[in-house]
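Work the whole structure out from these sequences, hints included.
Same order as they appear, the protein sequences are chains A and B.
Letter 100 of the first sequence, counting from 1, is numbered 100 in this note's numbering, and no numbers are missing.
Letter 140 of the second sequence, counting from 1, is numbered 267 in this note's numbering, and no numbers are missing.
To be clear, the hints were calculated from the coordinates, so they are not data collected in a lab.
It is possible that part of the hints are untrue.
Said to hold, decoys possible - According to the in silico footprint, chain A covers these stretches of chain B (three or more CB under 8 Å from chain A):
no., stretch
1, 192 to 200
2, 209 to 215
3, 242 to 250
Said to hold, decoys possible - Away from chain A, derived, C-beta distances all over 12 Å, residues of chain B:
no., residue
4, Q174
5, F234
6, N235
7, N264
8, N265
9, N273
10, S274
Don't be surprised by glycine CBs; every beta carbon is placed ideally from N, CA and C.
In case you want the letters, here they are:
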Amino acid sequence: MQQDAASLKITRDGEILQVEFTSRKILDEGNIAEIGDALGALIEGELRPRLIISFAGVDHLSSAALGTLIMANNKIQGREGQLRLCDIAPQIYEVFLITKLNKLFHIYPTIKAARESLQNHGRSPFV
Amino acid sequence: MKQMQIQGKCKQNGQAGLPPASGRWCGLEIPSTLSRIPEAEEAILRQCEKFSYTDRDLFALKLALDEAIANAVKHGNKMDSHKNVHIKYRVTSRRVDVVVGDEGPGFNPANLPDPTDDGRLDCPGGRGILLMRAFMNNVVYNPSGNSVTLTKFNESPRRFVSRNVAFG
Numbered sequence: 001m002q003q004d005a006a007s008l009k010i011t012r013d014g015e016i017l018q019v020e021f022t023s024r025k026i027l028d029e030g031n032i033a034e035i036g037d038a039l040g041a042l043i044e045g046e047l048r049p050r051l052i053i054s055f056a057g058v059d060h061l062s063s064a065a066l067g068t069l070i071m072a073n074n075k076i077q078g079r080e081g082q083l084r085l086c087d088i089a090p091q092i093y094e095v096f097l098i099t100k101l102n103k104l105f106h107i108y109p110t111i112k113a114a115r116e117s118l119q120n121h122g123r124s125p126f127v
Numbered sequence: 128m129k130q131m132q133i134q135g136k137c138k139q140n141g142q143a144g145l146p147p148a149s150g151r152w153c154g155l156e157i158p159s160t161l162s163r164i165p166e167a168e169e170a171i172l173r174q175c176e177k178f179s180y181t182d183r184d185l186f187a188l189k190l191a192l193d194e195a196i197a198n199a200v201k202h203g204n205k206m207d208s209h210k211n212v213h214i215k216y217r218v219t220s221r222r223v224d225v226v227v228g229d230e231g232p233g234f235n236p237a238n239l240p241d242p243t244d245d246g247r248l249d250c251p252g253g254r255g256i257l258l259m260r261a262f263m264n265n266v267v268y269n270p271s272g273n274s275v276t277l278t279k280f281n282e283s284p285r286r287f288v289s290r291n292v293a294f295g
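Here it is in structure tokens:
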């Protein structure tokens, strides 16, 4: 199932929601409030949100965007959900390293790896 | 957006360790609205592209401009539409200098907490100055803290070619 909210492309795969940005520069200061509202509504619509945010094609990120991701993560944690980030370009990943937010977020190289991580989370190794 | 060329403001930079600056200062003003930030950034980045700045330089500069101008709009001018953000910039083949000033009372950047402390990682704000300092070669606030000067060097190996083209 696919739906679009603001500048996000949202795809549901079972219990997992995959979020992609529809514009390369969507995380500019001027646009981030809209993204934050859309993410917030998405999270509040789930009992235990399991979310993957893909940064494929994103080539810019401000500290306001980081703040929006942190607020989304806090909301998800508050609902005992899980958040994964993936497909982050090297220069954007550098922003996560400088701010040490790579310690806060679970970051995966690909959406496939992020999805596998969510599917295996909390599952008994004997199942 | 008001744009002007500021004559007579060009001078050699006296800061130790920085390449010499030359060239003409340009100035622009934007109202305290986040949606007006991209046009100010684009005016400066367009100049940089003429001098073969690398993609990495442009990424760094856009990031730092985003942070500096957004801070001026949000924290300096408190989004007051009657107040403007004042930007001066000078782009040469070797370096970019940008001064971003607001009409607020200023602040002391030394008083800000470290956003990389483990206990503060889940706080949404307070990373703009950290990023400016990480991506720029020099970041200097004026004594009252309502104006910041950003300096970024051109890392492109082609910068000298561009200079010859630009200045003959």
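Here is what the structure says about each hint:
1. 192 to 200: holds (count 4)
2. 209 to 215: violated (count 0)
3. 242 to 250: holds (count 6)
4. Q174: With a cut-off of 12 Å, B:Q174 remains clear of chain A, as the shortest Cβ separation is near 18 Å.
5. F234: Answer for B:F234: holds, closest chain A Cβ roughly 16 Å.
6. N235: 19 Å, holds
7. N264: B:N264 is indeed farther than 12 Å from all Cβ atoms of chain A, at 15 Å.
8. N265: Since the minimum Cβ distance to chain A is about 17 Å, B:N265 lies beyond 12 Å and the statement holds.
9. N273: 19 Å, holds
10. S274: Holds: least Cβ distance 19 Å, greater than 12 Å.
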